[in-house]
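Undergrad: What follows is the residue order along each chain.
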Amino acid sequence: MSSACSLLHLAEADDREFKMGDYEAAVARWCPGCGDHSVLTAVQRLLTEEQLKPEDTVFVSGIGCSSRFPHYMKTYGFHGTHGRALPISTGIKLNRPDLEVFAVMGDGDCVSIGAGHWVHAIRYNIDMVALLLDNNIYGLTKMQTSPTTPQGQKSNTQPQGSWLPPMNPLSVTLGVTNASFVAQTVEWVPSHLFATLKEAFHHKGFSFVRILQRCPAYLPKLFEDAITDPERIELLVHPDGVEAKDLEGVYKDRVYHDPTDIDAARRFAEDQSKVRIGVYFRDESRPRYEETRHLPTLTAEEKLSVLDQEFDRYAV
Amino acid sequence: MPSEDRIAQALEAISDTKDFFVSSVAMSAEEVRGVLERERGVNENPQVRLAHELGPFAAGRIDLERLAPVIGVNETLGEETRRKIQSAFEALMDLKKAGDEIFTAKVPLDGYLRGTVFAALGRVGVAFGAARSVEWALHDIAPPEGVEDALERFPPNLWNRAERGCSPPIVIEVEGQDLRAASLGELLEGSQKIVLVVNGPAAPAPLVRLITPGVTVIQTDDPTQLSALAASPGPGVAALMPEGAAKFTHVPGEGKGLNERLNVEYLPEKEPKRALGAISAFQQVEELRQLASMTASVEAMATMEVESGSGAPPMDEAGQLASWLIHQANFTGV
Amino acid sequence: METKLPIVGADASGGKGSPKGRQITQAKMSTVEIVSDPGEGAQKCAQIFGAISAKMGNGVWTVEIIPAEIQPPPRLPAGASGNRIRIGSVPVTNWGDRSKVVVALNDQVLLARHRLDALEDDAIVLIENMWKDHTDEDIRQQWVDAMEEVSDRNYRIIEIPMEEECLKIVDNPRRGKNMWVLGLLCYLYDRDLELAAAQIADTFRKKAQEITDRNVELLNAGFSWAAENLGFGFEVRPIGDDRPHVVMNGNEALAMGAVASGMDLAAMYPITPATSVSHHLGEEFLKFGGLLHQAEDEIAAAGVAIGASWSGKCAFTITSGPGLALKTEFIGLAIMTEIPLVVVDVQRGGPSTGLPTKVEQSDLLAALYGQPGDAPRVVIAPATIEECFYSMITARKIAEAFRTVVMVLSDANLATGVSPFPRPELDPSWVAAPPDLSPIPEGLRPYDWDPQTGLSRRFIPGSPGGMHTLTGLAHDEGSKVAYDSEINQRASAMRSRKLAVFQSTLKPPSVNGPEEGDMLVVGWGSTKGAIEEAVEEAREEGLSVSNLHLTFLSPLEPGLKEIFSRFKKVVTIEINYSDEPDDPYITPENRRLGQLAWLLRAHILVDVDCWTRVLGEPLRPGAILNAIREKMPEGGVS
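Residue numbers (the numbering used here), protein chains in the order written: chain U, 3 to 318; chain Z, 40 to 373; chain V, 982 to 1619.
One chain only, chain U, in its complex shape (with noise of 0.2 Å):
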């Protein structure tokens, strides 16, 4: 595909300003207390910081609680099948690679049912950002375990408690070739969600952004221990990453990590003894595939002639 921009859209003079209510669309209705709510506030502000155009940004979504955020926002949205946002975002992105994509995504969404897609897509590595709200649960559907859901937790479909132990969505990304931007943040810290959703916004690449969230209808003792006590959160700090200065007084627990370092992005990921939250992994000079296939763009008229050309080797 070709890369290039529509002069005709360069030629309307665009002098607004775009400000938070902009881009608010139908009032949220998730339940008080969802981690839903802050995501969706500090994505308006970045959308507000960055000034982007909202007919030109996309919101993708699949299907469960977070995947309504799409109809929140008043940007163009899609609003697909259970699962399936990556594909459709990088069907977008293919196209149309001068738009703004965000899928985003419940842990149903993009650890279980899209799977195949998620791991994928982290190949691919097109310029997108991808958010996977992560309540550990099945929330729109009623409590069922979903494959982050803490083991021994009990749910609808496994009442004696889930059998397994959770997947664990930063290692598993880390561990996909041509992984280029990995993060993690928590919605009850709103500087730092901000901070790392600009940070993913600028990376050029596929930017993976695992958001603890908290669910109150179902699980709203899940990130207790985090929320109360910040000895639990670990901050990785960096200039090419979250530097989080103005935490500097709450979180004490900061490590100097430098995201180019994807063993100890790995170390870090694998090791679940505290909630450690910043980037993990950011490389920019990985491949992309949308930039490995562009191509010059033709008019009818050159590709007939192109097609005209064919057609000789098949004369008879």
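Misleading hints may appear alongside valid ones.
[Claimed, not checked] Pairs of lysine-lysine residues, derived as BS3-like cross-links and limited to a Cα-Cα distance of at most 30 Å, are as follows:
| # | chain 1 | residue 1 | chain 2 | residue 2 |
| --- | --- | --- | --- | --- |
| 1 | U | LYS21 | V | LYS1461 |
| 2 | V | LYS1612 | V | LYS1081 |
| 3 | V | LYS1461 | U | LYS55 |
| 4 | U | LYS200 | U | LYS276 |
| 5 | U | LYS55 | U | LYS21 |
| 6 | U | LYS144 | U | LYS21 |
| 7 | U | LYS76 | V | LYS1461 |
| 8 | V | LYS1268 | V | LYS1025 |
| 9 | Z | LYS145 | U | LYS247 |
| 10 | U | LYS206 | V | LYS1612 |
| 11 | U | LYS144 | U | LYS55 |
| 12 | U | LYS21 | U | LYS206 |
| 13 | V | LYS1009 | V | LYS1113 |
| 14 | V | LYS1268 | Z | LYS136 |
| 15 | V | LYS1113 | V | LYS1025 |
| 16 | Z | LYS295 | U | LYS206 |
| 17 | V | LYS1268 | V | LYS1461 |
| 18 | Z | LYS312 | U | LYS55 |
| 19 | Z | LYS295 | Z | LYS312 |
| 20 | V | LYS1113 | V | LYS1081 |
| 21 | V | LYS1149 | V | LYS1188 |
| 22 | U | LYS254 | U | LYS276 |
| 23 | V | LYS1488 | V | LYS1461 |
| 24 | U | LYS200 | U | LYS21 |
| 25 | U | LYS276 | U | LYS223 |
| 26 | V | LYS1488 | V | LYS1549 |
| 27 | V | LYS1461 | U | LYS144 |
| 28 | V | LYS1268 | V | LYS1188 |
| 29 | U | LYS200 | Z | LYS295 |
| 30 | V | LYS1542 | V | LYS1488 |
[Said to hold, decoys possible] Sample of chain V residues at the chain U side, in silico, Cβ under 8 Å:
| # | residue |
| --- | --- |
| 31 | PRO1225 |
| 32 | VAL1240 |
| 33 | LEU1246 |
| 34 | ASP1278 |
| 35 | ALA1296 |
[Said to hold, decoys possible] Cβ-Cβ distance ranges computed for the label pairs, FRET-style:
| # | chain 1 | residue 1 | chain 2 | residue 2 | range |
| --- | --- | --- | --- | --- | --- |
| 36 | U | GLY118 | V | ARG1573 | 27 to 37 Å |
| 37 | U | ARG295 | V | GLN1052 | 28 to 38 Å |
| 38 | V | THR1006 | U | ARG295 | 53 to 63 Å |
Keep in mind that the hints were calculated from the coordinates and are not lab data.
Just so it is clear, CB atoms sit at the ideal spot from N, CA and C, and this is done for glycine as well.
Model the placement of chains Z and V on the given structure of chain U, informed by the hints.
TA: Frame of chain U, contents of chains Z and V only:
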């Protein structure tokens, strides 16, 4: 090396930007074709058009008399509007077919460099003029003042901010004696890339005055060094110089400090003694000295960095300069 | 068993043209096949022979004989590889019945063809004789057994010392024997040797010149040998169509059609027999600035195509039956959200992995009704290789104009058949222009259905003022989730209405043959050529039979009830499974019908009978003719 070869090398170096622009012209031509396709002319038979669009598979199978009113080729454009859009379409198609020639120009001997660049950009800028003409035609707006024939020339002073961000690169052939680079400063905006292929005797550091924090400036005799110009997102100018001139690259993306941005590969020792055309010897010496002093401060900063150790978090430019000054004044440890 | 043929008037000159004294059989159609172990070049020989024949103005249909195994050991019936070429003095629309001439490079591949009933009872068998006196006793015995097995037919077997003759020119006849055979065939069918040499040069243009030279030498040697030793030949006159032609298979035609339609993005996952469309696009699309995306799976391929289509020009995905099954949910989404999409299904035998390389027309109902919920879409079936090309142009346009999914049903018969058609005169109007990204006027909604037609303007990302969230949930005109009980009813009606509107623009299909009679044969898709050939043959026999071929399966073409009423009986002929009426337990009530028969009955309340076969091969006109004879209503024979 013959200048045609050097022009070819210059074009090659900026080919990504050039291809992007050509692709944008093609894309826009296609969009305008779409406008012409959707908006049926007043006197046009929609069935004939549909027959073409659907192709022979539909022939005999689809009743176009019934289909035409259903799938909305009903909107009409006035003859005049349609004609204007058609002319804009043709202007874009002409540019698409023109090839590399629209991205090059030559300054006549004793000519005015800025004037040539401005005129060349005005010619290739017709792409923007054509796109604007479509907008004006569709919305029945008169072209703004200062626009004579947007399909003939549409120079950079008429481009808006968005257009300057997608500006066409340009390769200019110029004699060393006519290389009065400072005049280009105002054109280096948005993503404008200018490559100068310099012939004959030239001043040793003519581009030095263009070094400002956001602009890529390259002086070299090695075409492979031009890749840094193509890679930088912002504006930039590069000169393929004759032998003997200073060689340096100033790349904003390399870092915040001048020592990170500026890399001087060769600094001639001999100061010029003779005027070149209208460029006085004094001016040439000025430029060379300016580059020399920049080189000196860059080297000093580098020394300072080694001494202070590389593990510390990097500082911004002001910080660096301050600590360098402190270092020079022997205040360290105070 | 006749193993030696008396040489009748052999012409030793080796020159071109019809030698005097040669027995020349004039034929309207003649079918020849070349079979060998894989790697012996039978396919290359046949392709060149087909190309020369097309260039000489004959109708041609070439189809590959594909070995049943990937790397079979030599001399095994399952390894038979090669081509069947049917040439005619009229356009050739199908692979025919049985072959008149077969060139077999060993006795075992001959057996393969014999066992498949691929050869006429009096077929001429030109067989390599090196095996007969082979040093290996087992091989000699196999030869004897093979000859015994085929002796129940009246084949005219001519043993030919191919190896021996080729050794005069090359050291390794395994490479090159095919060109010698080509020379032999050129003699039998009076092909222009210069044309053959030119075609060889073109085929091997990327190789060293010596290779072309040696192959031409082999060609001439084969021709000369035949001229000296074979006293017969065939004359198949040119059609007399002077228009320039192109020759390709259906998958190549689909790929070229996609390019001509202006679609820029194809997403697929490898699946036989659809994959070769993407082989072609993988190479060709690059030249057109298009993108062939090989997705991680069939579902993702549909998702990528939908994402691309939603954000701009219509895109397409290519698959075959099992892949279509996987794309089901996404196709439903595209229909629900009114995203234009072209889905190409190159059908194969099913269900499950089924007959992955063989033809069937078993996906019709899946293509029409494969989605849960009501999911109206357009389904079209090209009937010829030429239509494979043009159908893509129409499909793209219809998909965009009606904001819907258009399915294009091809099959393995079209995918692997190679045949010439008049070279298309390219028209820039075919090429999709980028969609409208102009600002959306205030108050317009993303599904502002015209209450009459159900049509509405697409809102595409980039259009200022058009921001909305598309959703797979039931939704209203504003793309808002349906909470009101009436909305889903209305939205379903609007999506369905588009199909009715499209149907109202279709013309009634034409009847091939008299407009009324005893029997009307109805078909769809790739069987058209074989059905028409059989029906015309039946009429020559005096049967009152006509045929009608459907191109639009959803919506169905109009006027069918009225047309059917003019015939005593209507029978569909299809390559999918149906119960035989006289099989055990089968009653008129429980009999499962061919898929088109089922569809026609449901739509127009006419008692449609069917004759269908799932033999893993295209229908043979002769078999259809037999079926017509059997199915004729009482007293139908005039």
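Undergrad: Could you run down the list of hints and mark each one as holding or not?
TA: Evaluated hints:
1. LYS21/U <-> LYS1461/V: 24 Å, holds
2. LYS1612/V <-> LYS1081/V: Holds, at roughly 28 Å.
3. LYS1461/V <-> LYS55/U: 22 Å, holds
4. LYS200/U <-> LYS276/U: Satisfied, since the Cα-Cα distance of roughly 24 Å is no more than 30 Å.
5. LYS55/U <-> LYS21/U: 11 Å, holds
6. LYS144/U <-> LYS21/U: The hint is violated at about 36 Å.
7. LYS76/U <-> LYS1461/V: 13 Å, holds
8. LYS1268/V <-> LYS1025/V: Distance of about 26 Å is within 30 Å: holds.
9. LYS145/Z <-> LYS247/U: 54 Å, violated
10. LYS206/U <-> LYS1612/V: 67 Å, violated
11. LYS144/U <-> LYS55/U: 36 Å, violated
12. LYS21/U <-> LYS206/U: 25 Å, holds
13. LYS1009/V <-> LYS1113/V: 35 Å, violated
14. LYS1268/V <-> LYS136/Z: 17 Å, holds
15. LYS1113/V <-> LYS1025/V: OK: LYS1113/V and LYS1025/V at ~26 Å, within 30 Å.
16. LYS295/Z <-> LYS206/U: It holds: about 20 Å lies between the C-alpha atoms, which stays within 30 Å.
17. LYS1268/V <-> LYS1461/V: Not satisfied, since the Cα-Cα distance of roughly 42 Å exceeds 30 Å.
18. LYS312/Z <-> LYS55/U: 55 Å, violated
19. LYS295/Z <-> LYS312/Z: Roughly 35 Å between the alpha carbons, so the hint for LYS295/Z and LYS312/Z is violated.
20. LYS1113/V <-> LYS1081/V: Roughly 23 Å separates the two Cα atoms, so the pair holds.
21. LYS1149/V <-> LYS1188/V: 22 Å, holds
22. LYS254/U <-> LYS276/U: Roughly 13 Å between the alpha carbons, so the hint for LYS254/U and LYS276/U holds.
23. LYS1488/V <-> LYS1461/V: 37 Å, violated
24. LYS200/U <-> LYS21/U: This hinted pair holds, its Cα atoms lying about 17 Å apart.
25. LYS276/U <-> LYS223/U: Roughly 17 Å separates the two Cα atoms, so the pair holds.
26. LYS1488/V <-> LYS1549/V: 23 Å, holds
27. LYS1461/V <-> LYS144/U: 23 Å, holds
28. LYS1268/V <-> LYS1188/V: 23 Å, holds
29. LYS200/U <-> LYS295/Z: At roughly 20 Å apart (the allowed maximum being 30 Å), LYS295/Z and LYS200/U satisfy the hint.
30. LYS1542/V <-> LYS1488/V: Given that 30 Å is the threshold and the Cα spacing comes to 14 Å, the pair holds.
31. PRO1225: With a closest approach of 6 Å, the PRO1225/V hint holds.
32. VAL1240: The hint holds - VAL1240/V has a Cβ within 8 Å of chain U, the shortest such distance being about 6 Å.
33. LEU1246: 6 Å, holds
34. ASP1278: Holds: closest Cβ of chain U sits about 6 Å from ASP1278/V, inside 8 Å.
35. ALA1296: 7 Å, holds
36. GLY118/U <-> ARG1573/V: 27 to 37 Å: 36 Å, holds
37. ARG295/U <-> GLN1052/V: 28 to 38 Å: 33 Å, holds
38. THR1006/V <-> ARG295/U: 53 to 63 Å: 55 Å, holds
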